[in-house]
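K.L.:
Let's have the full structure, built from the sequences with the hints guiding it.
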Amino acid sequence: MTARTLPYPLFDADNHLYETKDALTRHLPKRYQGIIQYVEVDGRTKIAIRGQISQYIPNPTFEVVARPGAMEDYFKHGNPEGKSRREIFGKPMKAIDAFREPGPRLALMDELKVDRSLMFPTLTSLVEERLRDDPEAIHAIVHALNQWMHEEWSFNYKDRIFAVPVITLPIVEEAIKELEWVVERGAKAILIRPAPVPGFRGPRSFALPEFDPFWKRVVELGVAVTMHTSDSGYARYTQEWDGSNAEMLPFVTNTFSMVNEWRPVEDALTSLLCHGALHRHPELKVAIIESGAAWLGPLMKRLADTFKKAPEGFGMQNPIDTVKRQIFLSPFYEEGVNDLIDLIGVDQVLFGSDYPHPEGLSQPTTFAQGLEHLTVEDQAKIMGGNLARLLSV
227 MTARTLPYPL FDADNHLYET KDALTRHLPK RYQGIIQYVE VDGRTKIAIR
277 GQISQYIPNP TFEVVARPGA MEDYFKHGNP EGKSRREIFG KPMKAIDAFR
327 EPGPRLALMD ELKVDRSLMF PTLTSLVEER LRDDPEAIHA IVHALNQWMH
377 EEWSFNYKDR IFAVPVITLP IVEEAIKELE WVVERGAKAI LIRPAPVPGF
427 RGPRSFALPE FDPFWKRVVE LGVAVTMHTS DSGYARYTQE WDGSNAEMLP
477 FVTNTFSMVN EWRPVEDALT SLLCHGALHR HPELKVAIIE SGAAWLGPLM
527 KRLADTFKKA PEGFGMQNPI DTVKRQIFLS PFYEEGVNDL IDLIGVDQVL
577 FGSDYPHPEG LSQPTTFAQG LEHLTVEDQA KIMGGNLARL LSV
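Remember, our numbering sits 226 above the position in the sequence shown when you count from 1.
Simulated from the structure, these hints should not be mistaken for lab results. Each residue gets a CB set at the ideal place from its N, CA and C atoms; glycine is no exception. Be a bit skeptical, because a hint or two may be false.
Restraint ranges, calculated between C-beta atoms of paired labels, are given here [as the list claims (entries may be wrong)]:
1) Pro235 / Asp299: 25 to 31 Å
2) Gly562 / Ala614: 35 to 41 Å
3) Gly523 / Gln278: 48 to 54 Å
4) Glu436 / Arg312: 40 to 46 Å
5) Gln595 / Glu337: 17 to 23 Å
6) Asp573 / Lys527: 17 to 23 Å
7) Val485 / Gly562: 45 to 51 Å
8) Tyr300 / Asp531: 42 to 48 Å
No more than 27 Å apart at the CA atoms, straight line, and that leaves these computed lysine-lysine pairs for BS3-like [what the hints assert, rightly or not]:
9) Lys339 / Lys272
10) Lys272 / Lys320
11) Lys550 / Lys527
12) Lys339 / Lys302
13) Lys309 / Lys272
14) Lys247 / Lys320
15) Lys302 / Lys320
16) Lys247 / Lys384
17) Lys384 / Lys403
18) Lys317 / Lys302
19) Lys247 / Lys272
20) Lys403 / Lys256
21) Lys550 / Lys442
22) Lys339 / Lys309
23) Lys339 / Lys317
24) Lys339 / Lys403
25) Lys247 / Lys317
26) Lys534 / Lys550
27) Lys403 / Lys247
28) Lys256 / Lys272
29) Lys550 / Lys535
30) Lys320 / Lys309
31) Lys339 / Lys320
P.N.:
Take a look at the structure:
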């Protein structure tokens, strides 16, 4: 499919890089040597976390990957033939330099007619959950990843590629230190996992007052917060229903998990509202990426009903108004944008292609086809203007 030339700049809120094998270890302190390993299992390379082999990402070297947009038809039309994930993915491809390096990626973006993009890591989504009992190790590995990302991609490559560093929150002082480190090096956005924060005394919400010094610093530094689909640890709830102890396997069919797929991000937003972080920090902006938008309408109805019954639980601030003011959301292409615009307004809607992941679009400009009923001004906001405003770039 040929890329379309659009009458406005395109700023993609959801692009991905594929990490190299040393992304998590190149800068890791010696005392953590061996905590991340690549091992051979039946002729295939797997990643092991603290000696435990993970199947979460089937090919963690990313030397061979599914083709961009391989699942487009699946998401548009479903899977009436009951094909396996492997059949849906089709023939894989060798990872190209543009998936690994910013220079070639910029050339590919020119071909795709993408002016700017947020660039998210891929491999890091497995770290926090598998080390949830060792907060210090999580901080060390995340910092090592951010060092690698800054070294290989930078956090602002020619004002066009904005790599998004990860901030983990178990130790608040360390989180603030990491936040300041990445912002000093040009980060415009940070990535927070939509999940309870692991800690020495167990997990807790990042929206509790304990984390207010972190959120206050985020606002002071003017950096945007993003939340992206990840391993949020909800597999343990599925395990209890399934009667198993398997880790989260995103590419293995589990209909129970699919029905509840967006509970982590739904709970994350609910916590930001019910535990008050968004109310206590009214200038805090959060962009929810690669989580779709179908879950938001039912959640807002429940929030409105709860506010009617217990406004004091929200500090007498209407959570619906807070969502419309402080939350940005990127819908899936197949969902369209009309319902989301009705919920939060066109100024809060972001375009994201998930390129080059198989779940995303093979051609990012395809997203604009679903906006042709809108004015050009509103199209321009969704396809890049809103994100540029959020990041102040």
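K.L.:
Compare the structure with each hint and give your call.
P.N.:
Against the structure, the hints:
About 29 Å separates the C-beta atoms of Pro235 and Asp299, a value consistent with the hinted range of 25 to 31 Å. The given range of 35 to 41 Å is broken by Gly562 and Ala614, whose C-beta atoms sit roughly 23 Å from each other. In this structure the hint that Gly523 and Gln278 lie 48 to 54 Å apart at CB is violated, the actual value being about 39 Å. Taking 40 to 46 Å as the suggested C-beta distance range, the pair Glu436 and Arg312 conforms, at roughly 44 Å.
The beta-carbon spacing between Gln595 and Glu337, approximately 19 Å, falls within the hinted interval of 17 to 23 Å. Under the hint 17 to 23 Å, the C-beta atoms of Asp573 and Lys527, about 22 Å apart, fit the expected range. For Val485 paired with Gly562, a C-beta distance near 21 Å fails the hint of 45 to 51 Å. Separation of Tyr300 from Asp531 is about 35 Å and departs from the stated range, judged on CB atoms against 42 to 48 Å.
Note on Lys339 and Lys272: the hinted pairing is violated, with a Cα-Cα distance of about 35 Å set against a maximum of 27 Å. For the hint pairing Lys272 with Lys320, the CA-to-CA distance comes to about 17 Å; that is within 27 Å, so the pair holds. Annotation: proposed proximity of Lys550 to Lys527 holds, straight-line Cα distance about 14 Å (limit 27 Å). Proposed proximity of Lys339 and Lys302 is supported: the alpha carbons are some 23 Å apart, at most 27 Å.
The straight-line distance between the Cα atoms of Lys309 and Lys272 is roughly 25 Å, inside the 27 Å bound, and the hint therefore holds. Annotation: proposed proximity of Lys247 to Lys320 holds, straight-line Cα distance about 15 Å (limit 27 Å). Annotation: proposed proximity of Lys302 to Lys320 holds, straight-line Cα distance about 26 Å (limit 27 Å). Of the supplied pair hints, the one linking Lys247 and Lys384 holds, its CA atoms being roughly 25 Å apart against a limit of 27 Å.
A C-alpha spacing of about 26 Å is found between Lys384 and Lys403, which places the hinted pair at or below 27 Å, so the restraint holds. Proximity of Lys317 to Lys302 is assessed by CA-CA distance (about 20 Å); at most 27 Å being required, the pair is judged to hold. Under the criterion of a C-alpha separation no larger than 27 Å, the hint pairing Lys247 with Lys272 is consistent with the structure, at around 11 Å. The suggested pairing of Lys403 with Lys256 holds, with an alpha-carbon distance near 21 Å, which does not exceed 27 Å.
At roughly 20 Å between alpha-carbon atoms, Lys550 and Lys442 fall within 27 Å of each other, so this suggested pair holds. For the proposed pair Lys339 and Lys309, the alpha carbon gap of about 33 Å is over 27 Å, so the pair is violated. A threshold of 27 Å between alpha carbons decides the hint, and for Lys339 with Lys317 the separation of about 25 Å falls inside it, so the pair holds. The hinted pair formed by Lys339 and Lys403 fails the criterion: a straight-line CA distance of about 37 Å is larger than 27 Å.
Distance hint between Lys247 and Lys317 is fulfilled; the C-alpha atoms sit about 23 Å from each other, no more than 27 Å. A hinted pair counts as satisfied when its Cα atoms are at most 27 Å apart, and Lys534 with Lys550 qualifies at roughly 18 Å. The straight-line distance between the Cα atoms of Lys403 and Lys247 is roughly 26 Å, inside the 27 Å bound, and the hint therefore holds. Restraint check for Lys256 and Lys272: the C-alpha separation of about 22 Å stays at or below 27 Å, so the hint holds.
Straight-line distance between C-alpha atoms of Lys550 and Lys535 comes to about 20 Å, which keeps the hinted pair within the 27 Å bound. Between Lys320 and Lys309, the direct Cα distance comes to roughly 23 Å. Compliance with the 27 Å bound is thereby established for this hinted pair. The straight-line distance between the Cα atoms of Lys339 and Lys320 is roughly 23 Å, inside the 27 Å bound, and the hint therefore holds.
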